[in-house]
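J.: Residue numbers (my numbering), protein chains in the order written: chain Y, 1 to 249; chain B, 1 to 249; chain W, 1 to 249; chain E, 1 to 249; chain C, 1 to 249.
These aren't lab readings, by the way, just hints derived from the structure by calculation.
Check the hints yourself; a few may be wrong.
Identical chains share a label here; the pair holds if one copy fits it or two copies do between them.
[What the hints assert, rightly or not] Simulated crosslink set (EDC-like; lysine to aspartate or glutamate; CA at most 20 Å straight-line): (1) K65 <-> E138; (2) K65 <-> E141; (3) K65 <-> E152; (4) K65 <-> E51.
Only a predicted model underlies this, so the values are computations on that prediction, with no experimental measurement involved.
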Amino acid sequence: MMVFGLSVRVVGKGLRDSWLVVGLPDAGLVGAISASHMVRALSLETIGHVESDLLPPMIVIHQAKVYDPVRLFGGGGVMVLSSEVPIHPSLVYPLGRAIVDWAIREGIKGLALITGIAVPNRLEIEVPEVYAIAGSSEFKELLEKTGIKMFEEGFVVGPSAVMMRESIRRGFPSIMLLAQSFLEYPDPGAAAQALAALNKVLGFNIDVKPLLDEAEMIRVKTRELMRRTAEAMRQMKKSHEYEVPLMYT
Amino acid sequence: MMVFGLSVRVVGKGLRDSWLVVGLPDAGLVGAISASHMVRALSLETIGHVESDLLPPMIVIHQAKVYDPVRLFGGGGVMVLSSEVPIHPSLVYPLGRAIVDWAIREGIKGLALITGIAVPNRLEIEVPEVYAIAGSSEFKELLEKTGIKMFEEGFVVGPSAVMMRESIRRGFPSIMLLAQSFLEYPDPGAAAQALAALNKVLGFNIDVKPLLDEAEMIRVKTRELMRRTAEAMRQMKKSHEYEVPLMYT
Amino acid sequence: MMVFGLSVRVVGKGLRDSWLVVGLPDAGLVGAISASHMVRALSLETIGHVESDLLPPMIVIHQAKVYDPVRLFGGGGVMVLSSEVPIHPSLVYPLGRAIVDWAIREGIKGLALITGIAVPNRLEIEVPEVYAIAGSSEFKELLEKTGIKMFEEGFVVGPSAVMMRESIRRGFPSIMLLAQSFLEYPDPGAAAQALAALNKVLGFNIDVKPLLDEAEMIRVKTRELMRRTAEAMRQMKKSHEYEVPLMYT
Amino acid sequence: MMVFGLSVRVVGKGLRDSWLVVGLPDAGLVGAISASHMVRALSLETIGHVESDLLPPMIVIHQAKVYDPVRLFGGGGVMVLSSEVPIHPSLVYPLGRAIVDWAIREGIKGLALITGIAVPNRLEIEVPEVYAIAGSSEFKELLEKTGIKMFEEGFVVGPSAVMMRESIRRGFPSIMLLAQSFLEYPDPGAAAQALAALNKVLGFNIDVKPLLDEAEMIRVKTRELMRRTAEAMRQMKKSHEYEVPLMYT
Amino acid sequence: MMVFGLSVRVVGKGLRDSWLVVGLPDAGLVGAISASHMVRALSLETIGHVESDLLPPMIVIHQAKVYDPVRLFGGGGVMVLSSEVPIHPSLVYPLGRAIVDWAIREGIKGLALITGIAVPNRLEIEVPEVYAIAGSSEFKELLEKTGIKMFEEGFVVGPSAVMMRESIRRGFPSIMLLAQSFLEYPDPGAAAQALAALNKVLGFNIDVKPLLDEAEMIRVKTRELMRRTAEAMRQMKKSHEYEVPLMYT
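The shape of chain Y in the complex, shown without the other chains:
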């Protein structure tokens, strides 16, 4: 039986030895826009979904077919996790654990977490910087070779933070890519930089130009998802990320 508020189930077969790129609705929707673009650009298929009574009672219809709002996509040696609804704060911990559990159980290669890191002066930045966090020293070396700057000091809040910590605890490979972005305004430009960095790190070849060409249309389409995501971020104290850590002053 299900205990209200704690139960999350990941259903689906993973692609062994493939990376799972996680792009959930977050600051500037950087993760969600990146994931959505990957699905289209790489013609990925739905290979699984997440079930929970904490998700809204909703189905999504695409090309007259019925889908879940939080899905796993896969194809050509890569997988993507994304969501068409914000992740409710009470889902963040159980979802994070469920995904890492599933990833280990299915023998996948590692988690690549894409997210935005809001910067107050985003308007003045033409090409957003991308920072990386490595789940192990081995990955740190790999990332440094690519020339991507490491995220040196600060906080990360939300599902990506929970997944990275859970991965580290269980010795499972994980990296995080954080693109400078708006906080509550959809940011396809930041997503393009995040995916360009992902290309470098994992050797992918995703064309990010369409994200820049269609930026205005993407912003219009994702306005509502951004608005709801902003509510969830406020509840999680996402704005913590603007702060400097206390320790090692």
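Given chain Y's structure and the hints, the job is docking chains B, W, E and C onto it.
T.: Showing chains B, W, E and C alone in chain Y's frame:
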């Protein structure tokens, strides 16, 4: 023992090999008005009801007899599920699962879910369009033969969405008919089109003319149910349905 | 151990083969005023009480003796259930079930539920009408012989509704008498008519004249209980009772 | 394991065959001021305390020693229960039961509950009246011999009410002394009268003069506790006590 | 399985026979600033952390490495517990118990709790006074030898209070040092005095001068943590500490 907030029981004997038409209070009360009209037009009898402490502590009196507010009706090879109270958001998941469980257990033929899909320009539409969603490719072909347009892209929120997803997961036949409607204003005209489509799809012969002739009276009688239903829809973020999905941009 | 919010215990020995008249705080306090009058007029004794942590942490003192606020009274072949506090909405379902359980276990004859049915034009009505609902067709015949009008179409909300439904489900005898009343203003006149009807139905001989003579004093004494009861009624959507049912339009 | 919200533990050894005087924060802080005065006047020692996660996460420091905020004091054949924090409404039922359990288990003689009974015209009363409630007819006689008036009709709300009812149910001796007092203003004068009555009833010899001499200082010191207690009283509908009971009209 | 709201786990190996200095976010951030300074001044390493779903879903990044926000640090015969997030009121009891459990299990020497005690006239105080509370009479003597004043009368609220009480109950050594401080304004000056007192009591040799030299920078860096901590303190009724105790009047 019952765990508060999760327990729903469907009581009653189903008619084997009959369709269950589900019309719950929803956008424009399209489902509820359709269900109520079917019960009267086909002289259906009460054959069961739904029990839950999450329903209001209420009895309904008809012709001096005592009834439950959420009931199953049946007769002449068809069944109807309807409710004289809005479905509280916390009841949506357990009710959806309980109904599909019951339908499978009782050996019924399939679920036909009737609901409204709110459109902002409803006032300018004389004859509301009806769209269909099929729970399987087999039904999709059937629906397309009837000339009813498929619902191609979008969200559906509420009990019908949960029932359709649960049906698909368990391989149980289901279709959904969505009539363009008002969101928070009772819409007998939309119900008439939904039932006309149901006639085509399932080969019924329900006279929908009374719905149009008595539209004004129906709107007056259902004003209060509409008002309460609007509250429940807001809590479920029903307005999601106005949005465009994120994926496959 | 007690699970918070669900536990209600009825303590006391019932009078076998006697009716239990239930008069709880409700619309116009019709039930509570009727019950209180019966206790005084028939010199009934306390024979039991209801225990629950959902009741306020309160004792009632009468003639320097300590009592529970929700009590069973009995004597001369009749029992009365009444309450000096409103029934909290979360208590309505478990209390309703606990009373019917107790009634069956103690071998009592049946439940006679007295309640008010608010009418907007109460001020213009000199002698409030009383309507009846029968828990079985057998009682319907009995009630019709007395000349009391049947309640034909509508909703009943609250503890009485739950008790009647539970009685019907378990095949236990029950009737309900509903007197036209004010919604949120104590109505001794309505209580007098309800008791007059009860006299006819169950062959009692309760003098209702004091209720009319002391109407003003009763209204003053019950003003506070009415105010608190109004809060509970609003939470239970008691105002549903003004609506017309949807089905059988 | 502890279930949130229900767990209260009384720790400590009781003095066999001694009375436990209970003076918790309540109307006019009559109980708390009386208890505090007894502890000082009789030089009582801490002999136990109450543990619960529903109490604020707080320690009290007296003469550089660490104490719990809800404590049992004892010495010279008498015990006192008092609290330096208001009793949260959700603690009222479990605390009441835990204290009576403990009292029976430890073989103590009985409970003497001291509380205030707010009267609207307190300002005009020079010497507040004290009323008594007896947990059994035996005590009623005893109390009447002392000349203290019995509390004839009304409500008592709060921890004292729960303790008295629980004592009566379990056949354990209990009395309650209620001094006329302010509702939300500390009332040392009422406490003095309550203790004078306690002297008569239990044969104690507590000097109450300091309560009158230091009234102003006590009022200043207890202002904050009174303010917080007022919040808890409002949640428990303490103002019920101004009402007249419904039954036996 | 974890029960929501009650589960806290301390992970890590303690240094046997070393003191654990606890400095959590509190009045004036005295504890947190002291702990952070010790970690830097003594070059302590992360040796453990606290896990709970009641902590925000957050990771902290220092020098491109991933950390938990509530950590144990150790080195050179001393340990420190600190947090970069406020302790949510519902975490206070379970965290307090978990830390004392862990300390006993790991064979550590004792708890030294550092906290601020807000004083309204802090602005006029140049060198804040430090007061001590001893968990046993043995420590009281030790503390008095150092010349530190004992905290004689008052309340202490929050995680430190729970840890001290739990230590006393289980016979585990503990002391508390309270520096006069601002309530809701970061107070490095108070932290400096607290650490100077800690030096005396435990024979440490922490240089506190940097805290005074960098006071302005510390205040800027901790402004946000202070703001969030103030919210948690208000929920715990931290302002209790301004009150005088009731007992022993």
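J.: Taking the hints in turn, state whether each one holds.
T.: Each hint, compared with the structure:
For the homomeric pair K65 and E138, the shortest alpha-carbon distance between copies (12 Å) is at most 20 Å, but the shortest distance inside one copy (43 Å) is not. In this assembly of identical chains, the alpha carbons of K65 and E141 lie at most 20 Å apart only when taken from different copies (13 Å versus 44 Å within one copy). Proximity of K65 and E152 under a CA criterion of 20 Å is satisfied inter-copy only: 7 Å between copies versus 44 Å inside one chain copy. In this homomeric assembly, K65 and E51 come within 20 Å of each other (Cα to Cα) only inside a single copy, at 18 Å, whereas the closest approach across copies is 33 Å.
Going through the hint list in order, the structure satisfies each hint without exception.
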